[in-house]
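J.: Sequence:
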Amino acid sequence: MSTGANIEIRPAREDELLDINRVTGYAFAINEPPKDPPEPPPLAPEHTLCAFDGDRMVASSGAFEFKQRFNGKAVAADGVTLVSCDPGYRRRGIVRQLMDGLLQRAHERSVPLAILWASMGAIYQRFGYGLTTTSVAYEIPPRFIQFQFGESPAGGVRLMDKDEALPLVKAIYKRYAEDANGLLHRGDFYWDIMLRRENNQHSYIAVYFDADDVPRGYSFYRTLHQPELMPETSQVMDVFDFIWLDMGAYRALWEFFASHDLVERIRFDMVAEDDPAPNLFLEPRRLRRKTWDGIWTRVVDAEAALAARGYDMEGEAVLEIVDDDLCPWNNGCYRL
Numbered sequence: 009m010s011t012g013a014n015i016e017i018r019p020a021r022e023d024e025l026l027d028i029n030r031v032t033g034y035a036f037a038i039n040e041p042p043k044d045p046p047e048p049p050p051l052a053p054e055h056t057l058c059a060f061d062g063d064r065m066v067a068s069s070g071a072f073e074f075k076q077r078f079n080g081k082a083v084a085a086d087g088v089t090l091v092s093c094d095p096g097y098r099r100r101g102i103v104r105q106l107m108d109g110l111l112q113r114a115h116e117r118s119v120p121l122a123i124l125w126a127s128m129g130a131i132y133q134r135f136g137y138g139l140t141t142t143s144v145a146y147e148i149p150p151r152f153i154q155f156q157f158g159e160s161p162a163g164g165v166r167l168m169d170k171d172e173a174l175p176l177v178k179a180i181y182k183r184y185a186e187d188a189n190g191l192l193h194r195g196d197f198y199w200d201i202m203l204r205r206e207n208n209q210h211s212y213i214a215v216y217f218d219a220d221d222v223p224r225g226y227s228f229y230r231t232l233h234q235p236e237l238m239p240e241t242s243q244v245m246d247v248f249d250f251i252w253l254d255m256g257a258y259r260a261l262w263e264f265f266a267s268h269d270l271v272e273r274i275r276f277d278m279v280a281e282d283d284p285a286p287n288l289f290l291e292p293r294r295l296r297r298k299t300w301d302g303i304w305t306r307v308v309d310a311e312a313a314l315a316a317r318g319y320d321m322e323g324e325a326v327l328e329i330v331d332d333d334l335c336p337w338n339n340g341c342y343r344l
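Heads up, the sequence shown is in our numbering, so the first residue is 9 and it goes up one at a time.
Please note that the accuracy of each hint is not assured.
[Said to hold, decoys possible] Computed list of lysine-lysine pairs in DSBU-like fashion (alpha-carbon distance at most 35 Å, straight line): (1) Lys75 <-> Lys170; (2) Lys43 <-> Lys170; (3) Lys298 <-> Lys81.
In short, the hints are calculated from the structure, not lab data.
All values reported here derive from a predicted model rather than from experimental measurement.
Taking the hints into account, I'd like the entire structure generated from these sequences.
T.: This is how it looks when you write it as structure tokens:
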């Protein structure tokens, strides 16, 4: 594909993958020192779609191949990522061609959904993406982790290394995600990305075992020493995955966080909208709950998407789609 002048739209070659780091690094203000040796993004060349002015990459995009849960069923979804453009090449329709190319490629592969985390919602609504999930965050001092009622569960939480914990963690997540909506199947590369070092911080894995020594929940988190918080507590804990199969596991993991006496505050990202903490905590205001957009979804193939998901009850409805210019095959009426 070409967009005029010398601009060519095509997948990156293997030897061009490192250029994606340059384009996205500028767009997203990534100022971390480069790794030695440098690492390309974890995408195969055929999963990318980029724009080139001669030999120079000026815009990038790509898509991971995912399965997403909807009412107990797994639906194929392309996880769109690395969308960025050199500011000298913006307002020329280059990003629109990349997004259109990714949608066409998904349709050709019979993938009914495309999903992404939006840097700006206004950008992706132009391409037919709509908000599907919300994401909640907490920030709470450990001393305020107190429950209104009930007793601490039997069993306990253990810190485990990655090789020992991952088989248990994967099994817990699989059970947790079975009946959920919007959660992704996690392949090995997904787990590796989640647990890699960030800003030179080690990732910790805490697993809860019940009274029968059965693993029922886990959390991933990092701790960061911040001298400016001295002379008292001087650490911040960042929790980035928190999965539980019952309320015993839920409470036990919170109480484990509360036992960190040198932590000034716990930052808790990617919390589910229906997380029960606000209804259980003695002082829920201390959670400092914030909500913003989560996953944005674009229906690539309406017929396939409607047929692939599960439904809660029997019934009948007729939907009509009009003016879908990027995916014109969707236009029409659908009887459910």
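J.: Now, for every hint given, state plainly whether the structure supports it.
T.: Evaluation of the provided hints:
| no. | hint | verdict |
| --- | --- | --- |
| 1 | Lys75 <-> Lys170 | holds (24 Å) |
| 2 | Lys43 <-> Lys170 | holds (22 Å) |
| 3 | Lys298 <-> Lys81 | holds (30 Å) |
Checked against the numbered hints above, the structure violates none of them.
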